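Participant: Once you've looked at the hints, dock chain W against the given chain U.
2 protein chains.
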Amino acid sequence: MLNHNTYFDGNVQSVGFVRNSLKASVGVIAPGEYHFGTAAAERMTVVSGTLQAKLPEGDWQQYPAGTSFEVAANSGFDVRAVGGPAAYLCEYLCG
Amino acid sequence: MLNHNTYFDGNVQSVGFVRNSLKASVGVIAPGEYHFGTAAAERMTVVSGTLQAKLPEGDWQQYPAGTSFEVAANSGFDVRAVGGPAAYLCEYLCG
Chain U
1 MLNHNTYFDG NVQSVGFVRN SLKASVGVIA PGEYHFGTAA AERMTVVSGT
51 LQAKLPEGDW QQYPAGTSFE VAANSGFDVR AVGGPAAYLC EYLCG
Chain W
1 MLNHNTYFDG NVQSVGFVRN SLKASVGVIA PGEYHFGTAA AERMTVVSGT
51 LQAKLPEGDW QQYPAGTSFE VAANSGFDVR AVGGPAAYLC EYLCG
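The listed protein sequences derive, respectively, from chains U and W. Each residue of the first sequence is one higher than the one before, counting from 1 in our numbering. Each residue of the second sequence is one higher than the one before, counting from 1 in our numbering.
Chain U extracted, bound-state conformation (with noise of 0.2 Å):
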């Protein structure tokens, strides 16, 4: 029902999992800088710490904890953890 899912490493990890046919996932992102591809548009909202993103576009942002950003689908994003890591939640969003 849970799955375990793992990125660059180790440096990126997240448990994934279904609730009302809403698909999502917590993580959490080491320090460094990453780029996640999306196929489906998804929100990601930062759960502790300060995560950065730029989205396609866009320059780079600052999301603190309780704050949250959306990405197309099909499209992608940078992010960065600063200052420690930084955990999530990432919502798949339908179509």
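Mixed in with the good hints, there may be bad ones.
The list treats identical chains as one, so a pair stands whether inside a single copy or across any two.
Unchecked claim - List time: in silico SDA-like cross-link candidates among lysine to any residue, alpha-carbon distance up to 20 Å:
#, residue 1, residue 2
1, Lys-23, Val-82
2, Lys-23, Gly-37
3, Lys-23, Thr-50
4, Lys-54, His-4
5, Lys-23, Pro-64
6, Lys-23, Gly-84
7, Lys-23, Gly-83
8, Lys-54, His-35
9, Lys-54, Ala-39
10, Lys-54, Ser-75
11, Lys-23, Trp-60
12, Lys-23, Met-1
13, Lys-54, Val-18
14, Lys-23, Ala-72
15, Lys-23, Leu-93
16, Lys-54, Ala-40
Honestly, the hints are just simulated from the structure, not real lab data. Because the structure is a prediction, the values reported are computed rather than measured.
Facilitator: For chain W alone, kept in the frame of chain U given last:
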């Protein structure tokens, strides 16, 4: 730097991290009821879904997303996810 933990045959899974000497994890609890013992005191914050928790000498209480509860050190609590898996942030509190 990040560590994956699995409990109760994979029905509870988390990713642990440390930031500014704060030890924490994000995880997911599948539907069901579980008991966790605590060594350090901890704060559990629900980040998606709904948890019910029973603290020592207390009754079952409901914690929707955005709410939290704290558990004393050298203690424990019963917890259950209702309506599907629930995601949480667990922060270990310094004594």
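Participant: Cα distance capped at 20 Å. Does Lys-54 pair with Ala-40 within a copy, between copies, both, or neither?
Facilitator: within (18 Å within a copy, 37 Å between copies)
Participant: How would you classify Lys-54 and His-4 at a CA-CA limit of 20 Å: within, between, both, or neither?
Facilitator: Close neither inside one copy (25 Å) nor across copies (27 Å); limit 20 Å.
Participant: Quick one: Lys-23 to Ala-72, C-alpha cut-off 20 Å, is that within a copy, between copies, both, or neither?
Facilitator: within (16 Å within a copy, 33 Å between copies)
Participant: Please work out whether the CA atoms of Lys-54 and Ala-39 approach to 20 Å or closer within one copy, between two copies, in both situations, or in neither?
Facilitator: Within one copy only: 17 Å inside a chain, 40 Å across chains, cut-off 20 Å.
Participant: For Lys-23 vs Thr-50, is the C-alpha pair at or below 20 Å within one copy, between two copies, both, or neither?
Facilitator: Answer is between; shortest inter-copy Cα gap is 16 Å, intra-copy 23 Å.
Participant: Can you give me the call for Lys-23 and Pro-64, within, between, both or neither, at a CA distance of at most 20 Å?
Facilitator: Only across copies: Lys-23 and Pro-64 sit 18 Å apart there, 23 Å inside one copy, limit 20 Å.
Participant: Indicate which option fits the pair Lys-23, Gly-83 if close means a Cα-Cα distance not exceeding 20 Å: within, between, both or neither.
Facilitator: between (29 Å within a copy, 14 Å between copies)
Participant: Tell me, please, which holds for Lys-23 and Gly-84 at an alpha-carbon limit of 20 Å: within, between, both or neither?
Facilitator: between (27 Å within a copy, 11 Å between copies)
Participant: Is the C-alpha distance from Lys-54 to Ser-75 at most 20 Å within one copy, between copies, in both cases, or in neither?
Facilitator: Answer is within: at 12 Å inside a copy they meet the 20 Å cutoff, but 43 Å across does not.
Participant: Is it within, between, both or neither when you check Lys-23 against Gly-37 at 20 Å Cα-Cα?
Facilitator: This pair counts as within: shortest intra-copy Cα distance 16 Å, inter-copy 30 Å.
Participant: Classify it for me, Lys-23 with Leu-93: is the Cα-Cα distance of at most 20 Å met within a copy, between copies, both or neither?
Facilitator: Only inside one copy: Lys-23 and Leu-93 sit 8 Å apart there, 31 Å across copies, limit 20 Å.
Participant: Tell me, please, which holds for Lys-23 and Val-82 at an alpha-carbon limit of 20 Å: within, between, both or neither?
Facilitator: between (27 Å within a copy, 16 Å between copies)
Hint check: violations occur at hints 4, 11 and 13; the rest are consistent with the structure.
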